[in-house]
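A.B. asks: One-letter residues, chain by chain:
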Amino acid sequence: MARMPLQFRTKEVFYDGKVNILYQDGTLARFEYFSLRCACVCASCVDEVSGEKILDDSKVAKDIHPLDSAYVGNYGLRIHWSDGHDTGIYNFRWLRESFPHESEKVN
Amino acid sequence: MDPLEQKIRDAFSEIAYGDTGQNILDADVIYSLEVNGTKAETVLVVPKDYESFIGGLTKAVEAALKSIEGIEEVGIRVVDSAEEAEKPVHHAAPPRKTAYLEEYEHVILVASGKGGVGKSTTAVNLALALKSLGRKVSLLDADVYGPSIPAMMGSRGEFSEVIGRRLLPLSRHGVEFMSLGNLVGEDEAVVWRGPMIHQVMEQMLRDTEWPGGDYCIIDLPPGTGDVQITLAQLTEATGALIVCTPQDVALLDARKAVKMFEKVNIPLLGMIENMSSFICPRCGEETPIFSKGGAQAESGEQDIPFLGSIPIELEVRLGGDAGLPVVLSEPKSASAQAFVDIAKALEQQLAEVQ
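As you go down the protein sequences, you meet chains D and S in turn. Residue numbering for the first sequence follows full-length UniProt numbering, starting at 1 and increasing by one per position. Residue numbering for the second sequence follows full-length UniProt numbering, starting at 1 and increasing by one per position.
Derived from the structure by calculation, the hints contain no laboratory data. Hints may be right or wrong, so weigh each one.
Said to hold, decoys possible - Once the Cα atoms are required to be at most 20 angstroms apart in a straight line, the calculated EDC-like pairs of lysine to aspartate or glutamate come out as: (1) D:LYS18 x S:GLU83; (2) D:LYS11 x S:GLU352; (3) S:LYS87 x D:ASP83; (4) S:LYS39 x D:GLU32; (5) S:LYS87 x D:ASP16; (6) S:LYS97 x D:ASP86; (7) D:LYS105 x S:GLU62; (8) D:LYS105 x S:GLU51; (9) S:LYS263 x D:ASP25; (10) S:LYS48 x D:GLU102; (11) S:LYS97 x D:GLU12; (12) D:LYS18 x S:GLU41; (13) S:LYS59 x D:ASP16; (14) D:LYS18 x S:GLU84; (15) S:LYS87 x D:ASP63; (16) D:LYS11 x S:GLU102; (17) S:LYS48 x D:GLU32; (18) D:LYS62 x S:GLU84; (19) S:LYS39 x S:GLU5.
What the hints assert, rightly or not - Going by beta-carbon spacing under 10 angstroms, a handful of chain S positions derived as facing chain D: (20) LYS97; (21) GLY212; (22) ALA237; (23) ILE266.
Glycine included, C-beta positions come from ideal geometry on N, C-alpha and C.
Construct the entire structure; sequences and hints are all you get.
C.D. replies: Structure below.
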């Protein structure tokens, strides 16, 4: 990997009822709020040592949504959710490679 | 009916609902439409069975709305049922940018898999080589466990000035730099847990009066630990350079560093082989003490550009110890030349990445 592949770099992120991530290669990936919140990988949602999930999905409100968010370095997104949770970092590469989403080519 | 609504209805009645023979008004596709100023926002209901129409429909609706005088912006949301349309949509502002060192065109991390491969020597000489090419360069010593930039830049025992909450970088040879070694006493061992490391790094990034410029070169501690993670999170690094010696063991560790940078989306700009071979100061003969070419072979295997090798020369060590790095003290030496060539190779890499 001489350079960071374009498909993991992001051009833009916006929210319109879903998390929209526009990657540098022109692919727009759309992620559901609810399933993203349930997939949080931070230490209070997933046991750091065993990898076991601590978060109970049934306790997550169906209308969970982001209040605020920030880019993390080159690689991720930290979302402050409406339930007050804000410690998870979503890795752009992981989202694209391993997390279910719909996507389309926009340019 | 107001004239705008009539115009929109007329335009929509021309749009076919796929091949159903109906237009979109008769087919009840338009759930709602609002015009605020010059922006029209509409919600379309298209059941799952007809989802193949969506692409064509949204284009046609957008074109129809934009053709109406007074409407410049169009927002379209497509849902598969009226119940779905009634649910509130939660928008949020786009993510904030929180990275530090944004006043630099490029932030370059100098890393190594293990210690003792000459990472700091490389960082300092690379900074000065870039400076000699006419660039404006700063240097950040992120090796909080064993800061060696003060010795190499000739600022041992000096302290960075603190004005209020701002730290002023020191300056030598035309390069501004910040090091923990110029903030705490030299004999004070840094015995800190991760969270403390994170805090101190953030303080150096945030509170330093960085002058800005073309490059901020960051000298990392060896390995893959807290400082690396902190910098990956708090800066938008342009890329990383991996310094290693030619031996297999060093290369094995370098591979781990490569993996780490991939995880955090930091491009690998190149590998540098240090202590490539010994050049005898008496006869000029080259002896590959630690072998030679290992890093070049490895970079080929990993598909990382190879930027060059630096020979073992007495002048490099002398320059480092004296606080006058070899690029300045012996600019004609083989190693000084190697550093300048590496700086040029780096700039070429950056031009290609852009």
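A.B. asks: Would you mind confirming whether the straight-line C-alpha gap from LYS11 of chain D to GLU352 of chain S stays at or under 20 angstroms?
C.D. replies: holds, 19 angstroms
A.B. asks: Within 20 angstroms, alpha carbon to alpha carbon, are LYS39 of chain S and GLU32 of chain D?
C.D. replies: violated, 26 angstroms
A.B. asks: Under the criterion that the straight-line Cα-Cα distance not exceed 20 angstroms, is the pair LYS39 of chain S, GLU5 of chain S satisfied?
C.D. replies: The hint holds at about 14 angstroms.
A.B. asks: So if I understand the rule, the pair passes when the alpha-carbon distance is 20 angstroms or less; does LYS48 of chain S with GLU32 of chain D pass?
C.D. replies: holds, 18 angstroms
A.B. asks: Against chain D, run the beta carbon of ALA237 of chain S and see if the smallest gap drops under 10 angstroms.
C.D. replies: holds, 7 angstroms
A.B. asks: Is the hinted pair LYS97 of chain S and GLU12 of chain D satisfied, with a Cα-Cα distance of at most 20 angstroms?
C.D. replies: holds, 11 angstroms
A.B. asks: CA of LYS87 of chain S to CA of ASP83 of chain D, is that 20 angstroms or under?
C.D. replies: holds, 18 angstroms
A.B. asks: Holds or violated: are the alpha carbons of LYS59 of chain S and ASP16 of chain D at most 20 angstroms from each other?
C.D. replies: holds, 19 angstroms
A.B. asks: Mind checking the alpha carbons of LYS87 of chain S and ASP63 of chain D for me, to see if they're no more than 20 angstroms apart?
C.D. replies: Holds - the C-alpha atoms of ASP63 of chain D and LYS87 of chain S are around 9 angstroms apart, at most 20 angstroms.
A.B. asks: Would the pair LYS48 of chain S and GLU102 of chain D pass a check requiring their Cα atoms to be no farther apart than 20 angstroms?
C.D. replies: holds, 15 angstroms
A.B. asks: Is it true that the CA of LYS87 of chain S sits at most 20 angstroms from the CA of ASP16 of chain D?
C.D. replies: It holds: about 13 angstroms lies between the C-alpha atoms, which stays within 20 angstroms.
A.B. asks: Within 20 angstroms, alpha carbon to alpha carbon, are LYS62 of chain D and GLU84 of chain S?
C.D. replies: holds, 13 angstroms
The structure shown violates the earlier hints numbered 4 and 21.
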